[in-house]
Each structure stands twice: as C-alpha cells, then as structure tokens.
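Peer 1: Each chain is listed here by its residues.
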Amino acid sequence: MKVGLFIPCYINQLYPQVGKATLELLEKLKVEVVYPSGQTCCGQPMANSGFENESEGACINFVNNFKDFDYIVTPSGSCAYHVKKHYNIIQQTDDVIKVRKNVYELCDFILNVLKIKNLGASFPYKVGVHKSCHGLRGLRLGSSSELVIEPYSYIEELLKEVEGIELMPLDRSDECCGFGGTFAVTEDVVSAKMGKDKIQDHLRNGVEVITATDVSCLMHLEGLITRNKQPLQVRHIAEILNSTI
Amino acid sequence: MDSRDTILKKLKANKPEFIALPKINPAVFDENIDKVKEFIRKTEVAGGKVFEVTDNKEVLSKTQEAFPETKVNFSNLDDSGFFNTIDSESFKNPHELNDLDVLVLESTLGVAENGAVWLTDNDIPVRVIPFITKHLVLVLPKENIVPYMHQAYSAINPMDLDYGIFISGPSKTADIEQSLVIGAQGAMSLTVFLK
Amino acid sequence: MSHSKLAGIFNKDEKKVDWHDKALWFVRHKRDLSVHQVKGWEELRNLGHGIKAHTLSHLDVYLEQFEANALKNGVQVHWAANGDEHNQIVHSILKADNAKKVVKSKSMLTEECHLNPFLEANDIEVIDTDLGERIVQLAKEKPSHIVLPAIHKNKLEVDELFQEHLGTEPCDGDPQYLTGEARKHLREKFIHADAAITGVNFAIAENGGFVVCTNEGNADMGAHLAPIHIACMGVEKIIPKQEHLGVFLRLLARSATGQPITTYSSHFRKPGKGVKMHIVIVDNGRSKQLSRPDFRASLHCIRCGACMNTCPIYRRSGGHSYDATIPGPIGSILSPGKDLTKYSTLPFASTLCGSCSDVCPVKIDIHTQLYKWRQIIGKETPQPFIKKKSMAAMGKIFSKPSLYGKVGAVARWALRTLPKSLINAWPNIWGKTRDLPVGPKKSFDQWYKERENNKKTDQK
Ligand code: SF4
Numbered sequence: 001m002k003v004g005l006f007i008p009c010y011i012n013q014l015y016p017q018v019g020k021a022t023l024e025l026l027e028k029l030k031v032e033v034v035y036p037s038g039q040t041c042c043g044q045p046m047a048n049s050g051f052e053n054e055s056e057g058a059c060i061n062f063v064n065n066f067k068d069f070d071y072i073v074t075p076s077g078s079c080a081y082h083v084k085k086h087y088n089i090i091q092q093t094d095d096v097i098k099v100r101k102n103v104y105e106l107c108d109f110i111l112n113v114l115k116i117k118n119l120g121a122s123f124p125y126k127v128g129v130h131k132s133c134h135g136l137r138g139l140r141l142g143s144s145s146e147l148v149i150e151p152y153s154y155i156e157e158l159l160k161e162v163e164g165i166e167l168m169p170l171d172r173s174d175e176c177c178g179f180g181g182t183f184a185v186t187e188d189v190v191s192a193k194m195g196k197d198k199i200q201d202h203l204r205n206g207v208e209v210i211t212a213t214d215v216s217c218l219m220h221l222e223g224l225i226t227r228n229k230q231p232l233q234v235r236h237i238a239e240i241l242n243s244t245i
Numbered sequence: 001m002d003s004r005d006t007i008l009k010k011l012k013a014n015k016p017e018f019i020a021l022p023k024i025n026p027a028v029f030d031e032n033i034d035k036v037k038e039f040i041r042k043t044e045v046a047g048g049k050v051f052e053v054t055d056n057k058e059v060l061s062k063t064q065e066a067f068p069e070t071k072v073n074f075s076n077l078d079d080s081g082f083f084n085t086i087d088s089e090s091f092k093n094p095h096e097l098n099d100l101d102v103l104v105l106e107s108t109l110g111v112a113e114n115g116a117v118w119l120t121d122n123d124i125p126v127r128v129i130p131f132i133t134k135h136l137v138l139v140l141p142k143e144n145i146v147p148y149m150h151q152a153y154s155a156i157n158p159m160d161l162d163y164g165i166f167i168s169g170p171s172k173t174a175d176i177e178q179s180l181v182i183g184a185q186g187a188m189s190l191t192v193f194l195k
Numbered sequence: 001m002s003h004s005k006l007a008g009i010f011n012k013d014e015k016k017v018d019w020h021d022k023a024l025w026f027v028r029h030k031r032d033l034s035v036h037q038v039k040g041w042e043e044l045r046n047l048g049h050g051i052k053a054h055t056l057s058h059l060d061v062y063l064e065q066f067e068a069n070a071l072k073n074g075v076q077v078h079w080a081a082n083g084d085e086h087n088q089i090v091h092s093i094l095k096a097d098n099a100k101k102v103v104k105s106k107s108m109l110t111e112e113c114h115l116n117p118f119l120e121a122n123d124i125e126v127i128d129t130d131l132g133e134r135i136v137q138l139a140k141e142k143p144s145h146i147v148l149p150a151i152h153k154n155k156l157e158v159d160e161l162f163q164e165h166l167g168t169e170p171c172d173g174d175p176q177y178l179t180g181e182a183r184k185h186l187r188e189k190f191i192h193a194d195a196a197i198t199g200v201n202f203a204i205a206e207n208g209g210f211v212v213c214t215n216e217g218n219a220d221m222g223a224h225l226a227p228i229h230i231a232c233m234g235v236e237k238i239i240p241k242q243e244h245l246g247v248f249l250r251l252l253a254r255s256a257t258g259q260p261i262t263t264y265s266s267h268f269r270k271p272g273k274g275v276k277m278h279i280v281i282v283d284n285g286r287s288k289q290l291s292r293p294d295f296r297a298s299l300h301c302i303r304c305g306a307c308m309n310t311c312p313i314y315r316r317s318g319g320h321s322y323d324a325t326i327p328g329p330i331g332s333i334l335s336p337g338k339d340l341t342k343y344s345t346l347p348f349a350s351t352l353c354g355s356c357s358d359v360c361p362v363k364i365d366i367h368t369q370l371y372k373w374r375q376i377i378g379k380e381t382p383q384p385f386i387k388k389k390s391m392a393a394m395g396k397i398f399s400k401p402s403l404y405g406k407v408g409a410v411a412r413w414a415l416r417t418l419p420k421s422l423i424n425a426w427p428n429i430w431g432k433t434r435d436l437p438v439g440p441k442k443s444f445d446q447w448y449k450e451r452e453n454n455k456k457t458d459q460k
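Protein chains in written order, with full-length UniProt numbering: chain A, 1 to 245; chain B, 1 to 195; chain C, 1 to 460.
These are calculated hints, taken from the structure and not from any lab test.
Just so you know, these numbers come straight off a predicted model, no measurement behind them.
Each statement offered as a hint is correct.
These stretches of chain A come out as covered by chain C in the derived footprint (C-beta under 8 Å, 3 or more residues):
#: 1; region: 36 to 47
#: 2; region: 217 to 231
Pairs of lysine to any residue residues, derived as SDA-like cross-links and limited to a Cα-Cα distance of at most 25 Å, are as follows:
#: 3; chain 1: C; residue 1: 142; chain 2: C; residue 2: 84
#: 4; chain 1: C; residue 1: 153; chain 2: B; residue 2: 180
#: 5; chain 1: C; residue 1: 30; chain 2: A; residue 2: 201
#: 6; chain 1: B; residue 1: 35; chain 2: C; residue 2: 32
#: 7; chain 1: B; residue 1: 10; chain 2: C; residue 2: 81
#: 8; chain 1: B; residue 1: 23; chain 2: B; residue 2: 156
#: 9; chain 1: A; residue 1: 67; chain 2: A; residue 2: 89
#: 10; chain 1: C; residue 1: 442; chain 2: A; residue 2: 244
#: 11; chain 1: C; residue 1: 184; chain 2: B; residue 2: 179
#: 12; chain 1: B; residue 1: 195; chain 2: B; residue 2: 79
Just so you know, even glycine gets a beta-carbon here, dropped at the ideal spot from N, CA and C.
So here's chain A without its partners, still in its complex pose (with noise of 0.2 Å):
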C-alpha cells in the first residue's frame, strides 16, 4: 500500500508539528508514505469565496502530485472534502477520479482502512473535541446532531483507546467554531463571537486541551485563546495520537 501525505497549505507553513506528527503516526503504523514535494494546496481558499475558476491550477497540480497514490492522507477534514466534493470543476479524467475516491482524512484512513484503533498514545488530559463542520457533516467522521441516526464518532473511538485521556461532553456538541476560511474576516464579528462562545462550552466544561481534525479551526480558536489569556491549549488530534507522554 502506497500512501501519500498531503500536507495543507497552512499546516506546511504554521503548524509544521502537525504535519510531522501525522508522518510520525503513519510511519509508526507501518504505512509507507510518501510526501510528495510539488504540493501546495487543494484549492478550498479561491472556491470558498466564490472564485472556484481561480481554483483550478490548485486542484490540477493536486491531482498530478497525489495520481499514482493507493490512498491520499491529509491531517484535514476540510481538504479531504473539498477533493472530494468539490474537484468536479475540473475534467474527470481517470486520475482525478481515483484521486477523489481515495483521498482519506487521517483518522478516518486509521480506522477504517487501517483498521486500528489503539495507537499505543498517551496523553493525560482533559479533552474536549472539536467537531469540525466539513469533516462532520462532510465527510460524516462522525454522526451530526441533527440527524436521528445511531450515533458514531470516529474521532472519539479513537481517542478513547489513549492512556489517560478524559473527553470531556460539551453543551453544544457540534456547534460550528465561526472560522468557515474568508468568512472568519469577511464577518469578523461574528465569527470572533461563535469562536468566544465555542471557547466558552470548553471552559465551562473543564476542558485542558480542545482537539480537532483541522487545524484552521485550531487557529482561530487558539487566535482568540491567546488574545484572552484563557487557560486552555489546543491540538490537533494527530499530535495527540502521536504522543506517548
């Protein structure tokens, strides 16, 4: 099994530890991965404020780095989605077809093509997990609250096998941070507000740590942590998988 590692543009660029720490995991598990070098990013950004033309090198260039892979991983809800929904802008040749059937965020590719669920981590903390929006109900990583359906979480089942981890419930379960790309500029005040809000469930639900699948998400909430002094750490879930403290 041949799999490649793709690694968001912002993950590359701001939050390299997380790009490590998904290397770190796969190779522990004994994938072989690769990292291929010419990638930048899926092209989400451009398509997500209306500007999906602008997207189309992005995507091409995606699927030319990722074409010869068995599975593509990717740290991020978010960009497996949008490959995957979204890529039907571009013609559908047999390698973007491939490259969208195959494109897997992290935790879903472990459990449910790896087919493993304890990862030997530990991390003595007080999580509460983040359910981002694109890998929630884009993906379906999990059941969304709306929907009458048994209820599942693959980011849970796999946090649950971690030494010494408490999740915590939160009031709202998958209520949206407020970053959504643009719109965390383009309505500031109202995503610095859904952010504030989100932070505030963690807190009150004696949360240590928030985890989630995207770091964007992470980002914004540790943007506004930071600005507040508030005693709470974010971190993405790999780096949690990954580690054995």
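Fit chains B and C with the ligand to the given chain A structure using the hints.
Peer 2: Positioned in the frame of chain A, the structure of chains B and C with the ligand alone reads:
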C-alpha cells in the same frame, strides 16, 4: 396572455424532467404504541386535560363540575338540554358568541402521536365556535384513536370534506420572549373525554 | 448594507446576542428531543423531499388540477405574476365589497409582496393577528424570523409598545398579562373585520383544499368571522394528495418548535355559510427559481424555520441582518435569485457548516446552494478589486510549487520576527480579536527535506 397562462407556461417550460412520486409506507414508522396512553400523554404535553368516562352523561356532569360558575354553555351531545344555556338560534349570528364559556363537541377521530382531535363541519354547528369559546370540551371514543397521521388521513375522505380541523391542546403562544402562554386567540383550555 | 455590517450593529449589545442565541438554540433543542421520538424520522425527511421534488416536476399540472377543484368547491381563484399584481388582486376583492377592515394571519408571502403598506395607502386597515406579528407591526418593524417574528424584542419592549398602542398598564413585561390584553384587543378586531387574509401551508391538488397551521387560532378566528376569506399562496405550496399531509404535518411542527403538531391544523375546502372564499396563486420569481437546476430545491421549503434556529450565524446576527423577507440560511439561497447584487453578501454569511441541510425536514441542500451562489456572485457581480486580484494571485501561487515555497517563507519570517503590535495592526481584520500563530522557523516542507537528506547521509 393573462397571468394565469403566463405562469403556467413558465412553470411548464422551467420544470425539471419528471420525477416519480414516492410511496408512503406507514409500516416504516410503526412502533406499536399504546394508542390511548400515547394520546393522553401528548394531549397533556400540549396543555390539554384528558379524562376517561363511560358515557356522555358523565361527560356533562364532569364538565359542570369543572366549570361550575359559567354562564353561557353549549353542548352538541344528545340530551344536553339541561346543560345548554343557548340554542342553535344563537349560531345565526356567530359574532355574538364572544361570551360563550363552555362548548362540548363530539369527535370521531383522534391521533395518538400528537393528541390531535379531528372535527369537521358535521361535528360543529358553526365553524368559529371551537375557537371563540373560552373552554373547549371534546368527546372521543377510544376506539377511534389511530396511531399516526398516516392512518388519520386514510380515515378522512378528501372528496367529502368541506372544512375540517385537527386540534391539539388549547390555543397558545410564546411570542413574548419565548415564554409559553396558554390562551392566545382561541380557546383558553381544552379537555378531552375518552369514552 | 452588507450582512456583516448589520451583524456588527446587532453585536454591539452582546447580552442581547447571547439571549437571542440561547433562545433559538433552545428551540433547536426542543426540535431534537421531539424528532428523536419519531421512528423513521430520516425516512420521513426523504419522503418530504421526494414528494416535493416530484411535485415541482409536475407543477403546472397540479396547479391546474388544484384550480379546477377549487372552482368546483365554490372558491374563486386568482393568479398573480408578481407582488404588485397580488396586491392589486387583493385590493380589488376588498374594494368590490367595500371592505375596510382586514385581519391577517401569518403569511410570509404577503410580507414578500409588501401587501400591508399597499392596502394602508388605499385606506384599508390591516391588522396582523399573530401575536408576534402584531408586536412587530406596532413597532413598525419587520419580522426577524418566519416562525418567531418578534424573537428580537424583549418583554420590556413589548410592555412599552402595548402601553403606547393598547393602553395597557405597566407590568414589567409580564407575558401572561400582555398576551391576555392582546387577546382582548384582537377579539375586537376579529369581530369587526370585513375580511380575513390567511396564508397557505399546503394546497391539495386532488381536492382543491388547503391547510393553514397556527398555534394561536388566529387564522380560524379571522376566516370564520369575516364575510370574505382571501388565502394567498406561492405556486410551490401545492402537494398532490391529501395523504401527503400525513408526511408534512408530521415534519412541520416538530422541526419548527418541537411540538408534534401545531395546535390548529385547519383544512379549508368549501366556503362556510355566507363567506366568499378566494385563493390568490402567486409566482413572483418562483418560476425563475424553478428554472435553475442548482437552486430549484429551495422551493421545497415548508417554512419551518429550523434552519434559522440551528444556524450559528443567524443566532448571533439576528434576522434583520439579512435585510430580506426570509432571513437565515433559506433566505440566503432564495434572495440572490431575486436580486443578485442587493443580496450578494448573504451566501457569504455562512461558514458552510452544513447544519441547516441536516436539520431541514425536506432535505434542501442549503449549504451546497450557498457555495454555488458564491461562484455565481464571484463571476457576475462586481467584486472588490483587491479580492479579485488576491484570489487570482493565490490561484497562481498554488498552481506553481516553486512560487509557493518562497511566499510561505516570507510570511513565516514576518510572523516570527515582527512585533505583535505591528502584525495585529496591519490592515488585518483577523487581528482585531485574534492573535496570529507564531511563525515557525521551518515549514513542514523544509523539515521533511532535511530529514530525507539526513537519512541519505546516514545510509552512506
Ligand atoms: S429550508 Fe428547510 S429548515 Fe429552512 S425553513 Fe425551509 S423547510 Fe425549514
């Protein structure tokens, strides 16, 4: 071309290709509920009261007990002469029914899943009366309670209906700061007698 | 004004935002409790979606069938291509019988057509009889929510309004007292009304009847007491058969407020004694929306308001920030179809979290439609020069790996090296409320390359 034809023409031109009509299979929703129990529960949640009685006589005596001081009462049940303070003459000018205190009507259909009771023109002397009355009392035979709305509509002939209404609980509103207040524009209380 | 500007104004009073958010979240919570009790809820949603999709694909036929049956029932049927024509028709019906006093129950369609000001300009008194709508009407405002029209007002404001207009005593906003006073006030209006206007929740093709749902009983009070009943409906309100009500009435109230059914579900078919009944069928842009494959499912909407209650943006920006008859997620996919430029910021008033689509009882893919409107707005409306340029630049950078590496390095350096005050003071909206991450020394790229090189050296 008048608007009717223009609109219809546009809709015809703009509609998508034909999509088949899905079939409703009520069995999918069936949970084998205890119909009477569920009906009582749902009516109470909707703010209504439910009593079980043996016959219409008991309905009227219980109603009198519950509303001892009322001046204007009307019941549509047989042998209600002693109870009624007005007669069908009063219905000629419904605007004057504004002081009606208690109204008793008989229904032939109730729905367990939501406590709704069905009334049609056949059950109501004039249409406004179940709304304009202060207190509404409905009588419903237990065996006429169906589990879900699907069964309710199977029991109603669409071609044989002039006016019909499902009523579940008393009139209510939460339009002021989301606080529930019973008694908005319609009846201020609802009592259902199951017999 | 853009949505974000209006949202900013709403957010000046954070306590009010918190109240608004919690009140609506509570309604969403009640919806959850209620729908989780329904076996087969998701199947019910599928049916709701399927019946609506079918109906739209056969809409002209069903409307003609409905009209023929309504006529047989003794109801007059009128057709209006747009809001103006709708208002003219209603006015001419009223004028023919010299009706001067009208009571109206909730109808978003008449809001959309701006019926009230039109009738008032023609010397006709229109009283909104839904309590929430009456409150908003007295305040000379517009509904901020389609099910809870006065959700933006607190009880003290209502208290004051009622003192001024209904002569009530000061009561510290006691809802019980205020509702009781409104009841008295509206009773008077019902009894003296010359005509009643209602909306239509569902119109049934097979028998020409229609259903109106209320909790207060105001639609029936009006329609049964007044000698004229005018029911106004958009073309999309039609359903094929009465049995389909079994699906929609099960979905509607549970999604709206968590009630298993509204207090009153009135089935009008033939006029009552001495009542003239009219139905006005309105297009006003709906046939246009039907022509757009990506957006036609927006016509499935049964106006339950659940997408508003669940929307984290709506809850924190208030209904008026959408500046449209229908606010919230559904409004944001309907409004651009009417005026793309005026409503161009609405599809961006969303994080595309998708909660609206999952909550919607008729499974409208609301967030996907928001995304699609964005693409159309990006192409067809004038965009700020900077946004256009930066999107094009980003597009270029991301399609060329070599360029991308260089730009990233500069950005990281800036974040790491420049003082915080400078970074956050850039024309940088992010920094108003949030810190930026500390730029790491190395990108993942660089770290990975170094690691690979080290591996090679090790092997040597
Ligand atoms: S779009 Fe769906 S959720 Fe929103 S009001 Fe319409 S039916 Fe309800």
